[in-house]
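Keeping their order, the protein sequence lines are chains A and B. Residue 3 is where the first sequence starts when you use my numbering, and the numbers rise one by one after that. Residue 451 is where the second sequence starts when you use my numbering, and the numbers rise one by one after that.
Bear in mind the hints are in silico, worked out from the structure with no lab data behind them. Please note that a few of the clues may not be correct.
Stated by the list, open to error - Restraint-style ranges between C-beta atoms, simulated for each label pair:
#1 A/Val13 with B/Thr657: 41 to 49 Å
#2 A/Arg217 with B/Val600: 21 to 29 Å
#3 B/Ala582 with A/Ala109: 19 to 27 Å
#4 B/Arg743 with A/Arg214: 18 to 26 Å
#5 A/Ala109 with B/Arg743: 31 to 39 Å
#6 B/Arg474 with A/Asn183: 25 to 33 Å
#7 A/Leu191 with B/His550: 36 to 44 Å
#8 A/Arg217 with B/Arg526: 43 to 51 Å
To be verified - Computed from the model, here is a short list of chain B residues facing chain A with C-beta under 8 Å:
#9 Val496
#10 Ala498
#11 Leu516
#12 Leu548
#13 Leu552
#14 Leu641
#15 Leu672
#16 Phe712
#17 Leu740
#18 Met742
#19 Val748
#20 Arg750
#21 Ile758
These numbers were taken from a predicted model, which means no experiment stands behind them. In this text, a Cβ means the ideal position worked out from N, Cα and C, and glycines have one as well.
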Amino acid sequence: MLVLIGLALVVIGFVLRMNPLLVVTVSGLVTGAVGGLTPLQMLDIVGTAFADSRPVMILLLALPMVGLVERMGLQAHVRRTVGRLASLTPGRILLGYLALRQVTAAAGLLTVLGVAQTVRPVLYPMVEAAAERRAGPLTEEVRDRLKGSSVGVETVGMFFAEDVFVAVGSVLLITSFVDANYGLQLEPLDLAVWAIPSAVVAFAVHGFRALRTDRMLRRRAAAPAPDAVP
Amino acid sequence: MIGPEPVNWAIAAMLLVVAGLTARDRGNPRRHTSAAFWGLAGAGFVYASWVTAGAAPAWPLGLVVLTVVVLGSSARTLRPGTVTSTGDAAREESATRLGHRLFLPALCVPVITLVVTLAGPAVTVGGRPLVAEGSASLLGLALGAVVATVVGYLLLGAHPIGAPFEEGRRLLDLMGSMALLPLVLAVVGVLFTRAGLGDAVGQVLQTVLPDGRLVAVAAYCLTMALLTLLVGNAFAAFPIVTAALGWPLLVEIHQADPAVVFSIGMLAGFCGTLVSPMAANFTLVPAALLEMRDRYGVIRTHAPTAAIMLVANVVIMYIFAFPR
Numbered sequence: 003m004l005v006l007i008g009l010a011l012v013v014i015g016f017v018l019r020m021n022p023l024l025v026v027t028v029s030g031l032v033t034g035a036v037g038g039l040t041p042l043q044m045l046d047i048v049g050t051a052f053a054d055s056r057p058v059m060i061l062l063l064a065l066p067m068v069g070l071v072e073r074m075g076l077q078a079h080v081r082r083t084v085g086r087l088a089s090l091t092p093g094r095i096l097l098g099y100l101a102l103r104q105v106t107a108a109a110g111l112l113t114v115l116g117v118a119q120t121v122r123p124v125l126y127p128m129v130e131a132a133a134e135r136r137a138g139p140l141t142e143e144v145r146d147r148l149k150g151s152s153v154g155v156e157t158v159g160m161f162f163a164e165d166v167f168v169a170v171g172s173v174l175l176i177t178s179f180v181d182a183n184y185g186l187q188l189e190p191l192d193l194a195v196w197a198i199p200s201a202v203v204a205f206a207v208h209g210f211r212a213l214r215t216d217r218m219l220r221r222r223a224a225a226p227a228p229d230a231v232p
Numbered sequence: 451m452i453g454p455e456p457v458n459w460a461i462a463a464m465l466l467v468v469a470g471l472t473a474r475d476r477g478n479p480r481r482h483t484s485a486a487f488w489g490l491a492g493a494g495f496v497y498a499s500w501v502t503a504g505a506a507p508a509w510p511l512g513l514v515v516l517t518v519v520v521l522g523s524s525a526r527t528l529r530p531g532t533v534t535s536t537g538d539a540a541r542e543e544s545a546t547r548l549g550h551r552l553f554l555p556a557l558c559v560p561v562i563t564l565v566v567t568l569a570g571p572a573v574t575v576g577g578r579p580l581v582a583e584g585s586a587s588l589l590g591l592a593l594g595a596v597v598a599t600v601v602g603y604l605l606l607g608a609h610p611i612g613a614p615f616e617e618g619r620r621l622l623d624l625m626g627s628m629a630l631l632p633l634v635l636a637v638v639g640v641l642f643t644r645a646g647l648g649d650a651v652g653q654v655l656q657t658v659l660p661d662g663r664l665v666a667v668a669a670y671c672l673t674m675a676l677l678t679l680l681v682g683n684a685f686a687a688f689p690i691v692t693a694a695l696g697w698p699l700l701v702e703i704h705q706a707d708p709a710v711v712f713s714i715g716m717l718a719g720f721c722g723t724l725v726s727p728m729a730a731n732f733t734l735v736p737a738a739l740l741e742m743r744d745r746y747g748v749i750r751t752h753a754p755t756a757a758i759m760l761v762a763n764v765v766i767m768y769i770f771a772f773p774r
């Protein structure tokens, strides 16, 4: 029961806004020690788990390309192109990306789009340009809101559509876990079907919020925030 | 057969190059310790290949990882460097000159990822699959990123040979130690499991078995979301909460349809992922990469959708899980 202290440490560390890397590592080591692991066992576990988890860092490989196209002016180009298209409001761009993300995720194409390879170089500059065309110069606060919204359509779109695909990791985890432990014979397709209602609701809920971005901008443009005044 | 190893080598190379560039960056007041952070991480990636192959002990790698964590936890050791990228005027000029060609490198990534993901598993050499099962999308993304960089370099014209790496370092420095957080979180998740955290949580949950169908559904979904919020990973929470509540309570006592319960239970967990700083890849890392001022800004955006979706999943499970 004492090992629950690890979770408490995580909560305290994040609430106090301490360095996340340090918080989770200390909490992991404390949990291990309380749970009866020896220092050598812990080092072995850390080393093995690190080796096994390396592909999670694949995001790094997209960075040289993203930096290169930024250096050559992609964001400026996106801004100009979007600036000419009057029908493209930030809300509609976000809604379109949400739909695209749900369709690609439901087809099992999780790595085709992503924060590093798509949101930073293309989606956010589009949203920002469309917002500037409607509301003029943006405050840092509004920019942060738009950045959050751009990441949001990516993550929400992926999370609530990926389980519609039968061969995605979480569906396979469910079938292997319950089949091994409870002697069921669940087919991945049985599970994937039941992910569809949530995918539809997620599109309605988050799509509605995406479209509301335009209203937020109109309100800001009508009554500029205090920090917009020089 | 090609597994994930080439992806690991490419990431290792990237980390080592960044370490080299950082070590030479005189504009960085902590360039030696910063270079040590990236370099040790890269060296760990290389050594890990022997660990995976069973040819070297894992504990030295554990020591390296802990050293990297210590170096990454303070601004006294890890600082962003100085990279001379192009200014706004040069970017406007280059955007005019290159036009839509600028989209090509960015398009290479999804197109190549798509092709390798779909076609990769079908390719066989001498009757055996060329790509190991489950590795196609990883290899596709890695190949797409490398090809896109080369295409970008050739297509977009004259710049110094080191430009792609310097630009990669510029973006990596925006994330700083946050860049390694997803990997460290994966490591800590294994420590949690091996220390028996799951059993302890399960014991706590089983003492409060609730009564009534709707209460049981709500308890399962809320616990999935809450435990995922705490550990940052719905995959880790699922076996614990399912063994404690989902199976004994919903399936055995209330005769719920297991396919509905488990499928939607996992989605309830995802609601926790959306608002968890422990799920750094989806929350803290994007905030850093987009240079948001608030580290928790992405979580703030996710929160209303996560809350509504959690309620929605309870309702959907309650409607569909009990066959009449």
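Exercise. Does the interface hint hold: is B/Leu516 within less than 8 Å of chain A, judged Cβ to Cβ?
Worked result: 7 Å, holds
Problem set entry | Given hint B/Leu672 near chain A, where the shortest CB pair must fall under 8 Å | Violated - the Cβ of B/Leu672 stays beyond 8 Å from chain A, reaching only about 16 Å at its closest.
Exercise. Does the hinted range 21 to 29 Å hold for A/Arg217 and B/Val600 at CB?
Worked result: Cβ of A/Arg217 to Cβ of B/Val600: about 44 Å, so the range 21 to 29 Å is violated.
Exercise. Is the shortest C-beta separation between B/Leu552 and chain A less than 8 Å?
Worked result: Constraint on B/Leu552 satisfied, holds at 4 Å.
For this session: Mind checking the CB of B/Leu548 against every CB in chain A and telling me if the closest is under 8 Å?
Result: 6 Å, holds
Problem set entry | Distance restraint hint 19 to 27 Å, applied to the beta-carbon atoms of B/Ala582 and A/Ala109 | 22 Å, holds
Problem set entry | CB-CB spacing for A/Arg214 and B/Arg743 relative to the 18 to 26 Å hint | 22 Å, holds
Exercise. Would you say the C-beta atoms of A/Val13 and B/Thr657 sit inside 41 to 49 Å of each other?
Worked result: Roughly 21 Å apart at Cβ, these two residues miss the hinted range, so it is violated.
For this session: Please verify that hint: B/Met742, Cβ, nearest Cβ of chain A, below 8 Å or not.
Result: 5 Å, holds
Problem set entry | Hinted contact B/Arg750 with chain A - closest CB pair below 8 Å | Holds. Min distance 6 Å.
Exercise. When the nearest CB of chain A is found for B/Val748, is that gap smaller than 8 Å?
Worked result: Interface hint status for B/Val748: holds (5 Å vs cutoff 8 Å).
Problem set entry | Distance restraint evaluation - A/Ala109, B/Arg743, Cβ atoms, bounds 31 to 39 Å | 35 Å, holds
Checked against the numbered hints above, the structure violates hints 1, 2, 6, 9, 15; every other hint is satisfied.
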